[in-house]
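**Student:** One-letter residues, chain by chain:
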Amino acid sequence: MGMMQLFGFGKATFSHGIHPPEYKAVTEQKSIRRLAFAPEMILPLSQHFGAPSIPVVHVGQEVVRGELVARADGFMSVPLHAPATGKIKSIGLMPTARGPKAPAIVLKLYSGVSQEVLYSSDQNIADMSQQAIIQAVKDTGMVGLGGASFPTHVKMTVPDGQKIEVVMANGCECEPYLTTDHRVMMEYSMDLFTGIRVAMQATGAGRAIIGIEDNKPDVIEALRKACPADGSVTVGVMKTKYPQGAEKMMIKALLGREVPSGGYPSAVGVSMYNVATLSQLGALLPQGHGLIERVITVSGPGIEKPGNYLVALGTPLRHVLEQLGFQGDARELIMGGPMMGVSVASLDVPVTKGVSGILVLTEESMSKQIPKKVWPCIRCAHCVQACPIHLNPSELGMLAAKRQYETMEKRYHLNDCFECGCCTYVCPSGIPLVQYFRIAKAINRENRERAAV
Amino acid sequence: MTEKQQIVELRTAPHLRQAPSVDQIMRNVVYALLPVCAFAVFQFGLSALALILVVTLACVGTEQLFCRLSDKPTTVGDFSAVITGMLLALTLPPGFPLWMAAVAGFVGIALAKVMFGGIGFNVFNPALVGRAFVQAAFPVAITTWTPAFAPGRFTEFIPTTWTLPFVQPESVSTWVKNVAVDGFSGATPLALQKFGDATHAHINIDHADLFLGMTAGSSGETSALLILLCGAYLAVRRMMDWRIPAAMLLGAFLTSGSFFLLDNQAYPTPLFTLLSGGMMLGAVFMASDMVASPTTPLGVWVYGILIGFMTVIIRLFGGLPEGVMYAILFGNAAAPLIGAFTQPRVYGTGRNKATKP
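Going down the list, the sequences are from chains R and F.
If you're matching positions, the first sequence starts at 1 in the numbering used here and goes up one per residue.
If you're matching positions, the second sequence starts at 1 in the numbering used here and goes up one per residue.
Just so you know, not all the hints are guaranteed correct.
What the hints assert, rightly or not - List of simulated lysine to aspartate or glutamate pairs, DMTMM-like, C-alpha gap at most 25 Å: (1) R/K373 - F/D23; (2) R/K373 - F/D71; (3) R/K24 - F/E170; (4) R/K30 - R/D218; (5) R/K239 - R/D214; (6) R/K402 - F/D71; (7) R/K410 - R/E363.
Honestly, the hints are just simulated from the structure, not real lab data.
Build out the structure end to end from the sequences listed, making use of the hints.
**Tutor:** See the structure below:
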């Protein structure tokens, strides 16, 4: 790859960023396989950004795979569907990856049923209006599968006065270890193109770009061949660099535009979706199915059978690990990628819509990663040279230590930080900078809410 | 699965970190300074060796003392005091009395580092503060130069080295006369250039000698080549910001070049400016001190160029032949201000809409 990068000079990219080790070789050529159903599924009502769904089932009710179990609560919300055929066991508080317990529906599966999706209503997308498509997308319960879990139909709703010119399919997958987007693009490429058409139609965009990092040459070649001849969909190749998959970074790399501070990509005529989101949409929408499963990468040194698996949403972590030969040797369990994922404390945490991977890190693999000690900031400016948004994390960190959270926001653009973690990754002093920023943002938010009351 | 108690760690993202930690960086700076020290010993003999050891011990000892006094865990293990000691020794004349050198080390660490809160909090480069203190306290000793490559330098000390505390160092002029090869005066090229009118005949200093370090001067500042090589090692390992030395040398080159073009008789060539005195040592190892330099991308260039400019101005128009030390201290003082005015333009904000402090 060294030579590629040497000659890849001038390839689309953004300034700053980091080059963490990829750890993708283990799983990137492993085809997607279906994981067995767990005997019990946990369906948190808030698997998305926005208001939690409202249950429409009661305890003891029998549900069929694909059936609606919770409806959306308003525009900024999505419905939830049953991932398998079974009986509702309970509705109550269950552990979540974020920490505190949250309301969830627990589903006890019937063994020996065919687990067919019986609920479907064929739709001809080409004949549908923008409004109808957006409603149909909402009905699938689709959210951004890259990790943000932002409701897809909200993204497709173009704000008044703005015009979407290009749909971008984000296939960067810049997080180490994760290879789900890689496999989805290879194996579900027809669904992906269908999904792109849906997004273009919903937003009124004239063209689409599939953005891929140059560490996936097989995907680039395959998709280039599959692109329509009219040139409406093209493949944009970018340098492999973290966080290339952040929407602001990808727009800068491929279009040279900057999303205004505090704004959304629609402000520069872009509507961006993860490739996994679009390919799922392409598979679900024509049949009117709901989102009930997703592809995740299970990897890390603590797992015996790493790979890419199609997992029913709601499958507890315990079940996934059992199936894949987890020996109980784990120092840290991470849901998502190693740069932005969360470490979890309970094996009862389920796979939700936004989970793109499960990583099992062992004692051995962790020892290098944990800073032995935290030193004071030595102002080496490595973080300044790493921040993709061009913030000054060093300065922000010092302000955070002094609890000057308002100054951080007003003078040093704290709210432009999207928590990619580059600053913490490069910090020789081992300062958890990005965690300081998360805390600062949360406190500012609380203060604002308190002031508003 | 048999229910076994799993002990997992809960940590916040990112769960990956990059290798070099503060102590690793500091250790590598020490490695990079070792060849420079070795050359100093090769050039000036036993006295330089004793000087380096004494100053380093004084610095480390001072840090240890203050850690104990303030009941804090020792910070000696991060190697930053070792760097301060080595750098300070390298900026002193090789025959500098050892007790004065120990005072310099003590003042550097105590006044410039510990008082400000230790590593990461010093406003000024501790080594230079130590040197500035002894420059003011012992003006004669710090300008007493002895010739390089004196015969017998590995068997005997320069007479001033073992001066007792609070005793006037003896004059080295007779000793210099005895050891100097073919009337070599022991004066540094900079002193020759500035004050050397009638008394010194050897004004035509060879640039190659300056580059390789064949001249008199402070213990470790003479070989531009060696300092550049050691600096390159650090820059390649990303343990030093190459832009600061580059900016400082650029600033000095442009400033002295302008004066040279104005009057090439009165002013030295820009090349002489870059290769003489403490310019290289200052640029590579002192101006680049992370703690006391700005963090912003534009700021480091402003900072470096400012130091280069100030060095030349002090050299040409100040009362001293050398200006690197005061120029860098000046740059350190200006660093927070430079940083405040050169905050990077944040993605998605208007061009040049930098936040005002």
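**Student:** Each hint should be assessed against the structure and marked as holding or not.
**Tutor:** Results of checking the hints against the structure:
A hinted pair counts as satisfied when its Cα atoms are at most 25 Å apart, and R/K373 with F/D23 qualifies at roughly 10 Å. Between the alpha carbons of R/K373 and F/D71 the distance comes to roughly 18 Å, so the proposed pair stays at or under 25 Å and holds. Distance hint between R/K24 and F/E170 is unfulfilled; the C-alpha atoms sit about 70 Å from each other, more than 25 Å. Distance restraint check for R/K30 and R/D218: the Cα-Cα separation of roughly 13 Å lies within the 25 Å cut-off, and the hinted pair is therefore satisfied.
Straight-line distance between C-alpha atoms of R/K239 and R/D214 comes to about 6 Å, which keeps the hinted pair within the 25 Å bound. Distance restraint check for R/K402 and F/D71: the Cα-Cα separation of roughly 23 Å lies within the 25 Å cut-off, and the hinted pair is therefore satisfied. Of the pairs offered as hints, the one joining R/K410 and R/E363 is violated, with about 41 Å between alpha carbons and a cut-off of 25 Å exceeded.
In this structure, the earlier hints numbered 3, 7 are contradicted, and the remaining ones agree with it.
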